[in-house]
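A.B. asks: Single-letter residue listing:
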Amino acid sequence: MTFRKSSLCLLALIAVSAVPLDVGAQNNQAGVTHGVTQAVQEAKKAGVPDETINRLLSLGYDNGVEAASMANLVSIVVEVKNEDLPQEPFLNKIEEGVAKHVPAASIEQVLKQKKQDYLFARSLTSDYLKKHGLKQQVAPKDLVGITESLFSGLSREDLALIMEQAPPVSPTTLRRAIHIQASLKQVGFDPKLSDQIVSTGFKHNFFTHQQRGFGRAIVAGKRNGVSDAKIAEAAMSTMQSGGTVAGFCSQIGVSFSDVDRPRDDVPRPLFHGRK
Amino acid sequence: MEKKQPEETCLKTAFCARENTIGLEKIDRIKSMMRKIPRIEPPAGLLSSVMEAVRTRRVPLWLRTYRWATSLRSFTFTPLRLATSTAFSVLLVFSALLLHDGGNHKIALDNSKELIPVEFALDMPDAHSVQVVGSFNNWVPQPCELHQEEGSARWMLTLRLQPGRYEYAFLIDGKHVPHPGAEFNKDDGFGNQNTVLALGPEDDI
Chain E
1 MTFRKSSLCL LALIAVSAVP LDVGAQNNQA GVTHGVTQAV QEAKKAGVPD ETINRLLSLG
61 YDNGVEAASM ANLVSIVVEV KNEDLPQEPF LNKIEEGVAK HVPAASIEQV LKQKKQDYLF
121 ARSLTSDYLK KHGLKQQVAP KDLVGITESL FSGLSREDLA LIMEQAPPVS PTTLRRAIHI
181 QASLKQVGFD PKLSDQIVST GFKHNFFTHQ QRGFGRAIVA GKRNGVSDAK IAEAAMSTMQ
241 SGGTVAGFCS QIGVSFSDVD RPRDDVPRPL FHGRK
Chain Y
276 MEKKQPEETC LKTAFCAREN TIGLEKIDRI KSMMRKIPRI EPPAGLLSSV MEAVRTRRVP
336 LWLRTYRWAT SLRSFTFTPL RLATSTAFSV LLVFSALLLH DGGNHKIALD NSKELIPVEF
396 ALDMPDAHSV QVVGSFNNWV PQPCELHQEE GSARWMLTLR LQPGRYEYAF LIDGKHVPHP
456 GAEFNKDDGF GNQNTVLALG PEDDI
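Protein chains in written order, with our numbering: chain E, 1 to 275; chain Y, 276 to 480.
Derived by calculation from the structure, the hints in this document are not laboratory data. Since we're looking at a predicted model, the values are computed, not measured. Ideal placement from N, C-alpha and C gives every residue a C-beta, glycine not left out. It cannot be assumed that every hint is accurate.
Unchecked claim - Straight-line alpha carbon distances no greater than 30 Å define the calculated DSSO-like cross-link-like pairs of lysine-lysine that follow:
hint : chain 1 : residue 1 : chain 2 : residue 2
1    : Y       : K450      : E       : K222
2    : E       : K115      : E       : K130
3    : E       : K115      : E       : K185
4    : E       : K185      : E       : K141
5    : E       : K185      : Y       : K306
6    : Y       : K450      : E       : K100
7    : E       : K115      : Y       : K450
8    : E       : K112      : E       : K185
9    : E       : K112      : E       : K45
10   : E       : K112      : Y       : K311
11   : E       : K192      : E       : K130
Unchecked claim - Using C-beta positions, here's what the derived DEER-type ranges look like:
hint : chain 1 : residue 1 : chain 2 : residue 2 : range
12   : Y       : D448      : E       : R223      : 22 to 30 Å
13   : E       : D195      : Y       : K450      : 33 to 41 Å
14   : Y       : P455      : E       : H204      : 29 to 37 Å
15   : E       : G64       : Y       : L322      : 50 to 58 Å
16   : Y       : S360      : E       : A139      : 50 to 58 Å
17   : Y       : S404      : E       : N205      : 43 to 51 Å
18   : Y       : L367      : E       : K230      : 58 to 66 Å
Could you put the whole structure together from the sequences, leaning on the hints where they help?
C.D. replies: So this is what it looks like as structure tokens:
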């Protein structure tokens, strides 16, 4: 009987102490859920498409992202939308970070930095267009290409310098030139010669869709052991004479088929790993 | 039609009349007996206890499942039905094999018509497992494992992707590594490098 009484007392004590704890936890959970709900409402109000919101929420649910972190990520997407920046790079980065099990706080930090980079690149491009009296709009694809070069080896200073030295060209041409510059920097190409190649390309309107593969040809030549000076000389003579990438490849001893991209009607494997 | 004899019909009618008379007599007897029964009030709770006793108890789902699974059953089929179900099963298996072609290791990540085959090849003799993760598979490695050719150090996988711009990396024994020798890599912001892959008419790397 005594045992029963003491057991009942113990159970009662546990129950009494557990109730406030549970209430507290529920309040906390409710607050967090409210945070997500509020963030989602703000996202809808800002015009973030339902598909995007669902994509984010299901990603968070599938990967067990905490509600508070989820609310923060949704809020950043809202900020991106309010700034009228392309959302896809940010959504992709969230997906990548979550899939790679990066802590949510680090993902938030990366996204905030990315947002600053996009604002910087947009402002720089806008100033460039104004300076040259160009009334073109910067297409999202061009803005993405220009900004993402900051993650491909170019610094903000590099980007500013290219735009400062570039003649009046379209944002698309600008993006292609920036890609070439980033490729050259990644393979450690002589910086002076890189600048010469890019400025010659601008001068002779070489950075067009027809000359795709040019950057890869330079990289292939460099990897095959051709000197920077020889590559630069061949590149600039090709640009000046209105030559083609195929001609440039033959000058530096690179197979054009290695750098050419498949046409839509002739699909074929692209990448062959090299170690 | 055979015509019935009048004598036979008459006999049958007489028999039926007698049967009816006996039935009525029985009912009258029961009625008089019921009238003689003393009027007694039923005890309280009789109705509920009777209802409780006769109520059917719901058997738990697991028990019903167990009983269903352990009871003997017989199946009936027609040759036509058997042929149809066999054909359906074969179709299912064939579809699964098409999706994951063990010989060529081709995986279709998109059902669109404009798919470009991309061959991922990696010389990595010491690796135990190689997967590819990227923006084309939401960075999830499960369906994109590279397969080692017999007697070769080369790991291979062919994917069919839509034209576009992708980032990817290899997971070599669980470690993120950009494509060795790729032309263009990017910092992923999380301390690793991704390789950039541009497919289609608009690529310009």
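A.B. asks: Going back to the hint list, which numbers does this structure go against?
C.D. replies: Going through the list in order, the structure violates hints 5, 10 and respects the others.
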